[in-house]
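Trainee: Spelled out, the chains give:
Protein chains: 2
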Amino acid sequence: MAKNEKLVEQITSMDEDFAQWYTDIVKKAGLIEYTSVKGCMVIRPYGYAIWENMQRILDNRFKELGHENVCMPMFIPESLLNKEKDHVRGFAPEVAWVTHGGNEKLEERLCVRPTSETLFCEHYANIVHSYRDLPKLYNQWVSVVRWEKTTRPFLRSREFLWQEGHTIHATAEEAVAETEQMLNVYADFCEQALAMPVIKGKKTESDKFAGAVSTYAIEALMHDGKALQAGTSHYFGDGFAKAFGITYTDQNNQIRIPHQTSWGVTTRLIGAIIMTHGDNNGLVLPPAVAPIQVVIVPVAQHKEGVLEKARELYETLKSAGIRVKLDDSEQSPGWKYSEYEMKGVPLRIEIGPRDIEEGHCVAVERPTRNKTFIQLSELTEKVRERLQAVHDDMYKKALENQQRRTYSCRSIDEINKALSENGDGFVKAMWCGDEECEDKVKAETGAGSRCIPLEQEEIDGKCVCCGKPAKCMVIWGKAY
Amino acid sequence: MAKNEKLVEQITSMDEDFAQWYTDIVKKAGLIEYTSVKGCMVIRPYGYAIWENMQRILDNRFKELGHENVCMPMFIPESLLNKEKDHVRGFAPEVAWVTHGGNEKLEERLCVRPTSETLFCEHYANIVHSYRDLPKLYNQWVSVVRWEKTTRPFLRSREFLWQEGHTIHATAEEAVAETEQMLNVYADFCEQALAMPVIKGKKTESDKFAGAVSTYAIEALMHDGKALQAGTSHYFGDGFAKAFGITYTDQNNQIRIPHQTSWGVTTRLIGAIIMTHGDNNGLVLPPAVAPIQVVIVPVAQHKEGVLEKARELYETLKSAGIRVKLDDSEQSPGWKYSEYEMKGVPLRIEIGPRDIEEGHCVAVERPTRNKTFIQLSELTEKVRERLQAVHDDMYKKALENQQRRTYSCRSIDEINKALSENGDGFVKAMWCGDEECEDKVKAETGAGSRCIPLEQEEIDGKCVCCGKPAKCMVIWGKAY
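From first to last, the protein sequence lines stand for chains A and B. Every letter in the first sequence is one number past the one before it in the working numbering, and letter 54, counting from 1, is 64. Every letter in the second sequence is one number past the one before it in the working numbering, and letter 227, counting from 1, is 237.
Just chain A, same shape as in the assembly:
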């Protein structure tokens, strides 16, 4: 080991202890740090940069589709939260209450927003009057607070970052189309930016958002076979509008009630990336959101010309808009290889005296360690190709894992057998639509309903639980 060489931090193997493996990665890859604020965390620069990259991609997409960003207050007066009865029932038990401002007791308690439907509705009631004011396609990037009992970094924390889109439309058809459009935006984002396949579906009645007519979700499958809800899009009908007295005058001067939606994704997606792509060497980041896409490691960097050439490659890639880092620190190349594998950097470029002589460099992909020689004259183009290859490999591997762990079952016994023999995963099984059966499947197998996929299959004619005629196929699974 070189003088002053730091140790590459070891992480627990995921086969040994998946939960500890996850915790090791979030800490040791420098994504988060704990604080004295229970259930809240510091998102460190490397973790926050992943979120910034996600934000940029999503925000551009939202704006292309005509959405505008706004910023609502972080507080909601108790009386405002109480206006829509299903909504308040869903959220009141888990909000943080502000009761004092300075030394004075407030006349009315304020909750810290768990979500902002009520504030958007109050605002829409103020600014929507005519059909000319519709639609309003608003979004905000903020943090929200839900007083969870058990927390885990990114997956479930008392405060988390998200975006919440809130739209209001003249007709139900338009609002439904918006709800579906945003579900598709999320699914495309997960697949194209995060290399993470997802299943699009509708939540069952018992699993809907508080106040929604219908909730759509995308569900992803983690390494350990557990399901993770990666984004939701809600259609509200006119329930909120009625509760908040939002109306508009149509072209014929008739008073109408508008229809609404909301949709969101959160920093939970960072947890999803870790558990979809990570391995026993650490984090594996999709190139589209990796803070460092390429790390350049000089080999025998004390030899003449090596650092100069490494810097030249750095400048070439940087000016091409690639997020690149040159590590010319005194650590050994071997240490650096491990360090940037741990940090999930998609591509490593090695360059030493012999490579320079031969006019090439070596590109090593994460996680496959697939090696390519790149002619220096084709650097940018070939690096782009390799990054695309990393993305494609990651997506393929994740899809294979999802498919391998998806079981079609016709009875509760088959579900239990599949899960115990092959490990947790997605279970495809038919359902009669009865909440009692939904609960019973969960009680007897541990797998709850994740969603009713938009792409249906006919596994069987009968409900997996009661045997009565089935209404639809449901994806079941244990969930984060």
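Think of the hints as simulated: they come from the structure by calculation, not from any bench. Treat the hints with care, since some could be wrong.
The list cannot tell twin chains apart, which means a pair is met if one copy fits it or any two copies do.
[Said to hold, decoys possible] The calculated lysine-lysine pairs, modelled on DSS-like cross-linking and capped at a C-alpha distance of 30 angstroms, are: (1) K210 x K450; (2) K159 x K115; (3) K218 x K115; (4) K328 x K73; (5) K93 x K37; (6) K48 x K252; (7) K488 x K159; (8) K115 x K95; (9) K93 x K159; (10) K37 x K73; (11) K210 x K481; (12) K381 x K38; (13) K381 x K218; (14) K319 x K146; (15) K472 x K452; (16) K48 x K115.
Keeping the supplied structure of chain A fixed, place chain B upon it in accordance with the hints.
Mentor: Only chain B this time, still in chain A's reference frame:
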């Protein structure tokens, strides 16, 4: 008036009632809307887009200088806030307290962050151990809460958006250099992006940030002669580090105490833009942060070819990266002229049948209404020139206002005379350094100390108040 023509909303004249003029602009230009959350507001799309443009420019600059973004929790446990005695004295009287999570009373109250020094310090104590860990140059974009009694949109609200930079360094020299560097970044930003001249200076002891060794600020002069603090940069020395037990091991294996800074600007800058540049026709926005830099208004748009040509101009400017809007609504051109003047759009392009025949369009600048014919073949280049001209005019006008309203005074009588004869403004006058004199000047003239400018002048040898030998020149003024 055309059929369906809306009324352009009227605003109060600033000479009649400056405060009402301000309120009219923030509402009628669509920057904010009030809410049922006292002292908090909705920042509407047009207002938020100004903030996004500011964020992008500043964030790029911060990153070029090596800063990284992070995200701290929004809550601070009471015991953590109490750790640095000056700091807690300064902030505890004006924080919002969370006392309950769901239905349970918390063991320890949490305040909603009024600023995040305490959280950054706790984090630095966890992650800074060796000289190799230094410096840490962190920043975050969040909202903070201060329980103000009297509020005004953007200028003083209970919740506001800001960025807070927090850095930690091995030596005092480095930390002081960072404090000064960030003050310069803010001053350059105000001048180059907001067309707003500022005075850089140091706050007096009585006006320092709670817990700082020294506070630097930039001060701007509004239309009505009142001063507005537009940004601050604080040097903390090692006071916070000692209170939070942050130490590091230096190259010689000695335990050392690091030195810290913090610095921030807020959505207050939007208020500063309004009161520096606005006029009786509405908002005037600096091109660098205007959500719409150019609006295209077709004239006689029902005539053949007009809308097509207008769309062509729109596409040309858009693809050149200029933020452009084409208003092809049914409102009359006159209505549109007033509307986009109200919204402060820097440049209006008019294009009608005769212009098309002659191969040009008309560019009208805000606020001068200066008119130029632009050959369509030179559109992008000339539009860029006109936007630069708008910026230059705005800066020049603001600087002239500041200079005209800056008075050099040698006695309290002179101050009162200058202010009553010429209206409020910056007063340059000498000071002995005694807090009693500082208070007396304010009590007898209404003008408090704004800052001790970095660029000093020798107005007199004696304190403007007590006549004893002067230590420095101070800028005095009434403040927002």
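Trainee: Work down the list of hints and note, for each, if the structure agrees.
Mentor: Quick rundown of the hints versus the structure:
In this assembly of identical chains, K210 and K450 lie within 30 angstroms of each other by CA distance solely inside one copy; the values are 24 angstroms within and 70 angstroms between copies. Taking identical chains as interchangeable, the C-alpha atoms of K159 and K115 lie at most 30 angstroms apart whether they share a chain (27 angstroms) or sit on different chains (14 angstroms). In this assembly of identical chains, the alpha carbons of K218 and K115 lie at most 30 angstroms apart only when taken from different copies (29 angstroms versus 36 angstroms within one copy). Taking the closest pair of Cα atoms, K328 and K73 come within 30 angstroms of each other both inside a single copy (27 angstroms) and across two copies (15 angstroms).
Taking the shortest alpha-carbon separations for K93 and K37, only the inter-copy value of 26 angstroms comes in at or below 30 angstroms, while the best intra-copy value is 41 angstroms. For a Cα distance limit of 30 angstroms, the shortest separation of K48 from K252 across copies, 24 angstroms, qualifies, whereas the shortest one inside one copy, 38 angstroms, does not. Proximity of K488 to K159 under the C-alpha cut-off of 30 angstroms is restricted to the intra-copy arrangement: shortest distance 19 angstroms within a copy versus 50 angstroms between copies. For the homomeric pair K115 and K95, the shortest alpha-carbon distances inside one copy (27 angstroms) and between copies (24 angstroms) are both at most 30 angstroms.
Taking the closest pair of Cα atoms, K93 and K159 come within 30 angstroms of each other both inside a single copy (26 angstroms) and across two copies (27 angstroms). For a Cα distance limit of 30 angstroms, the shortest separation of K37 from K73 across copies, 24 angstroms, qualifies, whereas the shortest one inside one copy, 34 angstroms, does not. When the C-alpha separation of K210 and K481 is checked against a cutoff of 30 angstroms, the pair qualifies only within one copy, where the shortest distance is 18 angstroms, while the shortest distance between copies is 71 angstroms. When the C-alpha separation of K381 and K38 is checked against a cutoff of 30 angstroms, the pair qualifies only within one copy, where the shortest distance is 26 angstroms, while the shortest distance between copies is 61 angstroms.
Taking CA atoms no more than 30 angstroms apart as the test, K381 paired with K218 passes in neither setting, with 47 angstroms inside one copy and 58 angstroms between copies. Taking identical chains as interchangeable, the C-alpha atoms of K319 and K146 lie at most 30 angstroms apart only when they sit on different chains, with a minimum of 29 angstroms there against 53 angstroms within one chain. In this homomeric assembly, K472 and K452 come within 30 angstroms of each other (Cα to Cα) only inside a single copy, at 18 angstroms, whereas the closest approach across copies is 84 angstroms. For the homomeric pair K48 and K115, the shortest alpha-carbon distances inside one copy (24 angstroms) and between copies (14 angstroms) are both at most 30 angstroms.
When each numbered hint is compared with the structure, a violation occurs for hint 13 only.
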